[in-house]
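J.: If you're matching them up, the sequences are chains A and B in order. What the first sequence shows, in this note's numbering, is residues 1 to 283, in sequence order. What the second sequence shows, in this note's numbering, is residues 1 to 283, in sequence order.
It should be emphasised that the hints constitute simulated quantities derived from the structure, not laboratory data. Quick caveat: nothing in here was measured; it's all calculated off a predicted structure. Hints may be right or wrong, so weigh each one.
Heads up, simulated EDC-like pairs for lysine to aspartate or glutamate below, C-alpha to C-alpha not over 20 Å straight-line [said to hold, decoys possible]:
no., chain 1, residue 1, chain 2, residue 2
1, A, 26, A, 16
2, B, 109, A, 115
3, B, 193, A, 203
Computed from the model, here is a short list of chain B residues facing chain A with C-beta under 8 Å [stated by the list, open to error]:
no., residue
4, 64
5, 166
6, 168
7, 237
8, 238
9, 278
C-beta: ideal position from N, C-alpha, C; glycine also.
For reference, the chains in residue letters:
Protein chains: 2
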Amino acid sequence: MTKILSGKEVAAALKDKLTAEVDELKKQGKVPGLCIVMVGDRPDSASYIKGAVKRCTSIGIDCQVETFPEDISQEKFLEALDRLNQDSKINGVIIMRPLPDQISEDALKYAIAPEKDVDCFNPINVSKVMSGDEDGFPPCTPSAVIEILDHYGIEIKGKRAVLIGRSMVVGRPLAMMLLKRNATVTICHTRTKDLAQEAKRAEILIAAAGKAKMVTKDMVNEGAIVIDVGINFENGKMCGDVDFDNVSPIAGQITPVPGGVGSVTSTVLAKHVIKAFKLQQGL
Amino acid sequence: MTKILSGKEVAAALKDKLTAEVDELKKQGKVPGLCIVMVGDRPDSASYIKGAVKRCTSIGIDCQVETFPEDISQEKFLEALDRLNQDSKINGVIIMRPLPDQISEDALKYAIAPEKDVDCFNPINVSKVMSGDEDGFPPCTPSAVIEILDHYGIEIKGKRAVLIGRSMVVGRPLAMMLLKRNATVTICHTRTKDLAQEAKRAEILIAAAGKAKMVTKDMVNEGAIVIDVGINFENGKMCGDVDFDNVSPIAGQITPVPGGVGSVTSTVLAKHVIKAFKLQQGL
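All chains should be modelled from the sequences, with the hints used to inform the complete structure.
T.: Take a look at the structure:
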């Protein structure tokens, strides 16, 4: 019987733990703060922000959203970011992307204070993920994958983990995080020659290709753990990168979409903000 | 018949190309400069420096070696580094490691100017290697591996590349560099369960484990390309991580030790210094 790895369950358990941590901090008069920065008005960003604010607030984090006009200059934006970097009440900053053309991501990523960079935008955090330095902040999505594996007691050490996708927000950092946990890691992508053969070797298969239902049943080994990071829409219905209906009978354990990895990311964001707060306070 | 991939041949060809580049620059009165920094007196560092200076000088690069006493304070060392960062005649800086205990590598790596950091010490360059941004400087050893593959026209795209070793100076950055070149990349290490099975799948096998002759013939597929990054000593004799005598009849192409990857690194260092010079000069 295939076990469903419920992101909601993971998020609920993590939320309880984090809420208790924040309650402890509040007893000492301390409150972690998050600022989400949005430029312009993108419906997908707005929807993410709504969920993140709701989640973080429910955990006890002070949340604020800074919205800037679509035509803000880079100079003004960098000034605003500098103000957030200086603001001692804000411990974590997340900048919604994509950004309008006049703003260079390259300039921003160096400008965000690495100790407040809770979603791994600054190269210093990218480097820490690569070197396995756990003082840094990996992006929230790969952290959510690790949370799910850990919550369900799935051993990573010594396992063959195969990733499909090599983005800087999921594939590459997750490869480094699984490596840090002593998995043998294979990174596949669009240029991989026999993807089915590679994927079928996985004990832990991570689909992060951004292509609806591209992981089919012939690509999954009997009993494999399948983690679906994809969020796609097909005929208006959300689906993952995994053909869930056909793959789930073969997989040993599998995350659904929705209700899988995506359900954990905003709680992981809260975790990162609390971690940032504690590091900044020397706690 | 197994083809020997000669590092010496690669280095000679690269040297000719770089010497011509520096000659061109010199006609315009421009000379790239390198500074190698050593603390204390380590025979292995001294030997590396001697080779690097000889090579870079022969290519036309201005080389200087700054030697500091073993007991230099971190403050003094950071001051010296700042001076090198500011010195417009120095385009590349390489700091020999390991460093004495009183000097924190963590402080140094952030202090070295990323645009002069020709051996990938600064996190900004680590991050660029991870994201595939070719404006940065990967460490010289993985760059040497890529030089060898390119020199011999070995296609990387779509190939199954398997790395044994996950260090920050070879395994991890090389994994990212091979990924950038569209290989399907597997990273193995001491916790990998069936290393022979993983290694045998490689079309390009990279041995960077730091363990003498650990890659045995049962780990290599017929016709595979075998790149040996190891430098070990057995009974006073230099050898690689690959059991060359027994593996070479099986491999399609193989680098020897000595005369393989290690013969290319100092020429790659020169390449990085010239690249740094050109970037700094906006050429």
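J.: Which numbered hints are broken by the structure, listed smallest first?
T.: Of the numbered hints given earlier, those the structure breaks are 4, 7, 8 and 9, listed in rising order.
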